[in-house]
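Visitor: Sequence:
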Amino acid sequence: MSIQHNIEHITSLIESAQTKFGRATGSVQLLAVSKTKPIDAILAASQAGQRQFGENYVQEGIEKVEYFSQHYPDLALEWHFIGPLQSNKTRPIAEHFAWVHTVDRAKIAQRLNDQRPADFPPLQVLIQMNISGESSKSGIDESELFELAELISSLPNLTLRGVMAIPQNVPDYTAQLTAFKQLAQQQEKLAARYPHIDTLSMGMSGDMEAAIEAGTTMVRIGTAIFGQRDYSQANA
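When we follow the UniProt record's numbering, the leftmost residue of the sequence shown carries the number 1, and every step to the right adds one.
Possibly wrong hints are sitting among the right ones.
As the list claims (entries may be wrong) - Taking lysine to aspartate or glutamate pairs in the DMTMM-like style, the calculated list, with each CA pair at most 20 Å apart, reads:
hint: 1; residue 1: 89; residue 2: 74
hint: 2; residue 1: 107; residue 2: 141
hint: 3; residue 1: 189; residue 2: 230
hint: 4; residue 1: 181; residue 2: 119
hint: 5; residue 1: 20; residue 2: 40
hint: 6; residue 1: 20; residue 2: 142
hint: 7; residue 1: 181; residue 2: 213
hint: 8; residue 1: 107; residue 2: 78
Because the hints were derived from the structure by calculation, they are not lab data.
This structure is a prediction, so every number in the text was calculated from the model and none was measured.
Based on the provided sequences and hints, a complete structural model is requested.
Guide: Written as structure tokens, this is what we have:
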């Protein structure tokens with residue numbers, strides 16, 4: 001199947017789930033996770049109408065951002081960094097990406113703010129939460145949320161948009177839905193204090209429907225669009 005066909009199929013599934021769960025049309029955005037995928041695959045996706053792309057690896061992502069900025073500026077692609085954040089790599093992220101989904105500590109937020117170029121719009125950021133309590137995953141717990149949100153909201157070069165999580169990978173729909181509803185509750189609490197909060201980044205290929213039922217506004221889909229990944233080509 002072609003990338004265009006895959007995007008059309010995923011878009012159709014999103015639209016069907018929106019209708020099924022009483023969500024507004026267009027309330028769930030598709031973020032195409034293009035990590036490890038070549039330029040021509042991203043170009044094919046963009047020609048199918050996709051504009052938002054997520055990258056996990058700093059150097060690889062920067063090379064793609066720069067390539068499309070130079071060769072296809074009219075596409076106006078929006079680049080999201082969705083990988084682990086290391087403090088020694090915040091500068092290139094601040095200088096190239098429009099969004100960061102994985103802010104999980106004050107030091108990272110401060111560095112992103114300080115390193116964002118003055119002539120750039122504010123960096124749109126999400127706080128990553130660890131709602132499954134897995135030690136192998138990044139993210140803060142509920143008790144830390146408002147302290148970090150308060151800091152981010154005070155930084156002039158960052159705009160806090162919401163929260164993100166990667167819940168435990170389980171096949172059971174009820175378990176998926178329970179985890180996603182926990183994150184949705186945290187987003188609702190944030191939005192009550194910060195009215196501009198509007199983004200809930202959760203849901204991937206295997207749990208997208210549960211995420212949409214729970215209230216996600218952005219699903220992160222990679223393999224179902226681009227096919228299996230070759231991680232030997234990954235460039236950190």
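Visitor: A separate judgement is required for each hint: does it hold in the structure or not?
Guide: Against the structure, the hints:
The hinted pair formed by residue 89 and residue 74 fails the criterion: a straight-line CA distance of about 28 Å is larger than 20 Å. Distance hint between residue 107 and residue 141 is fulfilled; the C-alpha atoms sit about 17 Å from each other, no more than 20 Å. The suggested pairing of residue 189 with residue 230 is violated, with an alpha-carbon distance near 39 Å, which exceeds 20 Å. Taking the CA atoms of residue 181 and residue 119, the gap is near 38 Å; set against the 20 Å cutoff, the hint is violated.
For the proposed pair residue 20 and residue 40, the alpha carbon gap of about 34 Å is over 20 Å, so the pair is violated. Taking the CA atoms of residue 20 and residue 142, the gap is about 30 Å. The hint is violated against a cut of 20 Å. With a C-alpha separation of about 9 Å, the suggested pairing of residue 181 with residue 213 holds against the 20 Å cut-off. Of the supplied pair hints, the one linking residue 107 and residue 78 is violated, its CA atoms being roughly 25 Å apart against a limit of 20 Å.
In terms of the numbered hints stated before, the structure departs from hints 1, 3, 4, 5, 6, 8, listed from lowest to highest.
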